[in-house]
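Protein chains: 2
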Amino acid sequence: MAKIETRKYVYAFGSSKADGDASMKNLLGGKGANLAEMCKLGLPVPAGFTVTTECCVDFFTNKMKFPGNLKDQVTAALAGTEKEMGMTFGDPERPLLISCRSGARMSMPGMMETVLNIGLCPATIPALIKRTGNGRFVYDSYRRLIMMYSDVVMEKAEGIEPKEDMGIRKQLDRLMDEMKVREKCKSDVDLTEANLRDLCDLFKARIKAVFGKPFPDSAMEQLWGGIGAVFKSWNGKRAISYRRIENIPDIWGTAVTVQAMVFGNMGDTSATGVAFTRNPATGDPRFFGEWLVNAQGEDVVAGIRTPHPINEAMKTEGTQHLESLEKAMPSTYKQLDAIRTRLEKHYRDMQDLEFTIQEGKLYLLQTRTGKRTGTAALNMAMDMLEEGMISPKEAVMRVKPAQLDELLHPILDFHAEKTATLLGKGLPAGPGGAVGQIVFTAEKAVEWAKAGKTVLLVREETSPEDVEGMRVAQGILTARGGMTSHAALVARGWGKCCIVGAGALHVDAAGRKLKAAGLTLKEGDWASLNGTRGCVYLGAVKLVDATENPRFQQFMAIVDGFRKMGVRANADTPEDARIARQFGAEGIGLFRTEHMFYGKGSDEPLFLLRKMILSNTVEERRKALSKLFRFVKSDIKATLAVMDGMPVTIRLLDPPLHEFVPTDPAKQKELADSLGITVKEVRERADQLHETNPMMGHRGVRLGVTYPEVAEMQFRAVFEAAAELITQKKTCKPEIMIPVTCDVAELKNQKVICERVRREVMTKYNLKSLDYLFGSMIEIPRAALLADRMAAESDFFSFGTNDLTQMTFGFSRDDTDKFLHAYLEKKVLASDPFQTLDIDGVGQLVKMATERGRSTKKNLKVGICGEQGGDAASVEFCYQTGLNYVSCSAFRIPLARLAAAQAALKAAKK
Amino acid sequence: MAKIETRKYVYAFGSSKADGDASMKNLLGGKGANLAEMCKLGLPVPAGFTVTTECCVDFFTNKMKFPGNLKDQVTAALAGTEKEMGMTFGDPERPLLISCRSGARMSMPGMMETVLNIGLCPATIPALIKRTGNGRFVYDSYRRLIMMYSDVVMEKAEGIEPKEDMGIRKQLDRLMDEMKVREKCKSDVDLTEANLRDLCDLFKARIKAVFGKPFPDSAMEQLWGGIGAVFKSWNGKRAISYRRIENIPDIWGTAVTVQAMVFGNMGDTSATGVAFTRNPATGDPRFFGEWLVNAQGEDVVAGIRTPHPINEAMKTEGTQHLESLEKAMPSTYKQLDAIRTRLEKHYRDMQDLEFTIQEGKLYLLQTRTGKRTGTAALNMAMDMLEEGMISPKEAVMRVKPAQLDELLHPILDFHAEKTATLLGKGLPAGPGGAVGQIVFTAEKAVEWAKAGKTVLLVREETSPEDVEGMRVAQGILTARGGMTSHAALVARGWGKCCIVGAGALHVDAAGRKLKAAGLTLKEGDWASLNGTRGCVYLGAVKLVDATENPRFQQFMAIVDGFRKMGVRANADTPEDARIARQFGAEGIGLFRTEHMFYGKGSDEPLFLLRKMILSNTVEERRKALSKLFRFVKSDIKATLAVMDGMPVTIRLLDPPLHEFVPTDPAKQKELADSLGITVKEVRERADQLHETNPMMGHRGVRLGVTYPEVAEMQFRAVFEAAAELITQKKTCKPEIMIPVTCDVAELKNQKVICERVRREVMTKYNLKSLDYLFGSMIEIPRAALLADRMAAESDFFSFGTNDLTQMTFGFSRDDTDKFLHAYLEKKVLASDPFQTLDIDGVGQLVKMATERGRSTKKNLKVGICGEQGGDAASVEFCYQTGLNYVSCSAFRIPLARLAAAQAALKAAKK
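Sequence lines, in order, name chains A and B.
FYI, the working numbering numbers position 791 of the first sequence as 791, with every residue one higher than the one before it.
FYI, the working numbering numbers position 2 of the second sequence as 2, with every residue one higher than the one before it.
Isolated chain A (complex conformation) (with noise of 0.2 Å):
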């Protein structure tokens, strides 16, 4: 480092040169070295120079006091400023404005301070009055840059406690608030150059009488105070506690970025405007964006005017009478066009630009990678490969795994959701968009969904009761749960539009009634749900049918190619193993033997499961159980043949068994009956299984330790399935998944009626091998920190990162929503648990268990099954943690096939 006397504190940029660049961001600050780089790019910047962050430590080591060789570097750099823009700074015929930015190495977004319009000032503003010919502007601005600047630099800087609370810019607003009452306006822009005028030496007097000193209405002065004012922000309280938060250590300092201002709105040689290279929302590769003359930059965003198309051919039925950039400054378009082309050479990726034409002369404010749609960046990114601007690999890294929904759902039509009458606002659980008439009852669904009708399904909360009447309806809404409620996770296994937890909704099931935004609407009115986007909409809001783009199976090939890690489905019937398939599914991770007891058509098998739930001894049990036995085997038998040789992983029966016992007292006298045993006997039955905290309870592996014979038949149904296939000269892969396991004592137990039933399979159809895997769902902090031994027992582990994420956090998802969005709104917590796998604690236990299996057992097979395997970080992680696999529900499955994709190319790269 050099010595302080010799230190080179001041980097300079202008048009096609600068003394730094975009590499620099550790001495320039993000916005120093970016400003820098376009610079270099030959990219009609305005002039400036940008002060070290370097400066910045130095000046605090110096208990506040500026080097003594800044003010020479500055001078030098500001004439060179000048010289560029052709202004003079402070100078009363043509004055140059400039700004005081802060830019620390990492985005403080902001924690720091800002001075805008430095350099007006009495001398100035009557030239500025002249070129622009708009006083009221240049007052408004003078009397921000004296709100500004009091604030900032007068007070904050200099550690000032203001008396009562009451701040300067309190002081300042309040005076500003006086006058408008004053000269009865409704808002700022009421007030006219006059008034703005009179109001600056109210706030000059104020600021005299408050500080004892008169406000600098010298530019020199006001360079100097902004430039401290910055460094000091470093300091002030929001930027250190925001750097507590972040982790950013205190040393590094922010760097000032000094740059000179120009301005859209000096007549009809003047304009601003923002445009992308490319379509941001179709990804079609013309020129696109928006402009207005003479106007500054937030009124094109802000709505007031409207903005005109930049090009011809962007031009549309509504804008047709628009005046175009192309047609209005033909020469200055054409500039700006070659600039976005070297702009997507440079960077090989659509950018978002901001430009400013002052007096006919172009000046880029800033560029940076552009949002897009789904379906823009997939068609981006195939279209950049063709012309080929990007490899195969940065294709695949283009598109974010997110995105794909998109590409897989019909959506609300954009403009006409803008207008549609909002009910209220819920979770996003399943994406897309849904219209239909709404119904209260899953009876009620089935009945008209069988009529003919689209219905939306309305409930408080739905259960596994409610699934038929889910599977019929266009769309899912209930009043209460959270994002891995029964409905989201139902939903969401069929890619079906759903939101749930809408608690502002109130549900009247009984009365068919639903009360909302205060209105109320009855069976059969029309709703609309966007469930990418949580919001209820009353009436039949337009769809748009996003048909799958031709594109997208080309784009998964490419991705394909560089994934490592596998992918399969959570999928419970051979329906929803077939539609897995379709989306790319390399086996079954989850198969719930449960599912299928619901929704089946038929209500026999949920009948002899409650039969079986309901025995009070052994033998009655068995003989449930074996009436039972076919239609477990009929489903995992059909199941093993749609996958046809992938592996399917078939968990055994996991939910506490009072799940199954209806406690509608109605659907109680119905079993009843049909058992031939009294309403008291089920209901003292629901009583006995009755649990505080079902989630904890009998459950998973309990039961199959305490009631074996529920083990045995389900044992049997996967080994005769498989065995007869086998006949068939059929390949299967069953693999066998123990759930809520948390000692290997229980898998011990369990692999010993296990290996018994599959040894009397193999005798009954004669065979002389049945191979399977058995393995342990890891799903219990407990078997987690006992991986070690678990793996002596298991062939395979799969993480349930739904319940391990519940023991870990403590958390019951079902009641979350009590506390959980204050957590996040606090920033407690960063993100939801439940839909992005939580690294720090529950990716601990994934870790510490894939290492300490795979101590015991090297070629331990581990995957994951949670709702998590289809979230793009929480495959990331998987793939870091040396996961075999990830599963999730069949509409995920391209977004993991991506993630772990570019999972792979991001290791690769380090």
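These are computed hints drawn from the structure, not numbers from a lab.
Just to be clear, a hint being listed does not mean it is correct.
Given that identical chains are not distinguished, each listed pair holds provided it fits within a single copy or across any two copies.
Unchecked claim - In silico DSSO-like pairs for lysine-lysine, Cα to Cα no more than 27 Å straight-line:
1. Lys847 <-> Lys857
2. Lys564 <-> Lys733
3. Lys170 <-> Lys667
4. Lys425 <-> Lys633
5. Lys818 <-> Lys513
Use these hints to put chain B onto chain A, whose structure you have.
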């Protein structure tokens, strides 16, 4: 290792000498080594020899052939045994009988085979009949030999699979049953000598028919058959699977101990008995035992004949008329008494002896450290210390922590209990005995107790609303709930007798009836509880007033001299704190704020709490909180004052709020009336608060984050309580504990409020300092996993091992009654993790969190406040893990102090 040809396979033992000793367990097995040791001590032990485990290994290596040189070694050793015993094996005049027993390095009880009475055959029978004068005994022994030998040697050892599951043993049993039918005998003992002789012939004929070879009526053939069979039983099915479970290596092998049989039933100069070197019930240092002339060992135990007192000193009113060994065989008694002294000197502990006198000659068959009651353990330890037999360290190790329980509670009289009518059994939740009139409601308990009655509170299960009734009851009995149910926790906290989960009892609270064991008890009927064993009796059983042993304090003082880890109490009121200090608490490790709302005499705090919970707005809630404040403050202040400068850990409100809202319609009505709202509103709010899994719901710090005003009130109560004491020149050490944390951000969030309140209180009381500790309760797995971060905001950690166990296992302690019993019975789990800390799983988290926490903050104070803090094994683990203290309910403090001292002594020994 010597070459096979020269290996010493046989180790002989006889009176006063032996080839081996107690240190040679690996080679001689436990049994062989101990017999050798006794011989070396000069005790008269029946002579014999041990064939080594090495021989067993060589036997298996050599395709189950005996090593060539074994025969000579056995022959030589057998000759020595014959000489010693003055009898000859297979001799028709003075025949020696022997036993062949297995003996592995580690005890494998009942897993391997034994053959007794070897040497009985037509050649030796007549001489034996002559010597015993008891032909029936001889033929009964012979038929036992035949049954045992044919089963163990001829069938099992040869690996013969019985046809149709009809092994030889079963066939011979059937022959015997047929004989009994023919002879009209009710039981085996009714068979005459002639019957038994015929039976032996029938047995031998059947054996010949089944195996194609005769039962070997040669002593020597029987001996070799026996040795081989014991070796082979090492690889029997039972032994192998036992080794799997216990992780015993297959390679160890078993030794075979061949020993002369002696008989106490050879006439009036023969006898048998059992004795203790001191009284195992009281600790009285005088010799204590029972004996029978002309009898076999089992006769003393079986209770068919009343055993006689061994000496005059131990005679009681009931045994005054029975002749003592001291009187009947004075010289033998003197010899035995000398042995007793010698044994105590050698083993330096009370011994439990078995002896047989054969024709005037005394033989010791076994000596082992004797079991004893808690009282005896304490008295013996103190006596032996005074006698100079043991050191203070050893005295401390001599009392099992759990035995202290006995010393602190009244108990049911042992003899009275034996004859009482058992109504049923439950879990022993609170130790000691209790007798009282049964009542079915807390209100009635309070009413009757006020009227001077002694009551037992009988409930289906208890809730916090029953606390007042539980406090006044002598004992508590519930039909439901586990060892950590509400009733169990509360009772244990008070050291109150309690039995929970007595499932066979039908409690009809409405009908005020208790049905059990076919009887119906009504309100006011007397019953008795043995809370140490979990037995419920009809009527008032005599209570023994086990008032405090005068030596207890003396013993505990010695204990504390070796203790290094702190012991605190879980206490919730000033009264509890007072009791805790009496038991030696060095602070309070868990003060549960919520417990102050029940059982205080006044209903006002609970009413205000409910009002707070039912508030709909922050303002309403603040109003209720400000009224609640003075109760909370006064309780905390009084507790801090009682503890007089010792640390008091105050846990903020922990349970889900809905626990405080009544579910009973009548109580809801009452609450609604007093709040001036409708019952519907109360019910709606209760419904809103309802949770599916409340254990993992809106509780602990989650309440503090969502309702900061609730946390604030509690912080203020702590600080104002402390400030007032400081103002009164008293010292106090408040420690504020945040429960249910899972992320450091929760701690940060609460600390901001806490620090603000502290500053406000300091200003209010004009204090310069107001010291406290701020800590995290580690009871969620994630908090343990992220302990390094948690420690950054914590002055201390306290493990809430109840909840940590729940989350780590995924066990809801309210629901484990459905499967935990089966888990323990099927050995899926070794012990109830809610009673003894699960070191393998939960312990990993405790260790990890302690290490990670201290990696961030070296001097982090770490304790445990779960139920397991009062369990000896768990206390030892806590000491090994480096915890600063354990905290448990007051009545368990002596236990914890002793366990901590023992842990320190054990660790020092290593």
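Could you work out which earlier hints the structure fails to respect and list their numbers in ascending sequence?
When the structure is compared with the hints, numbers 3 and 4 turn out to be violated.
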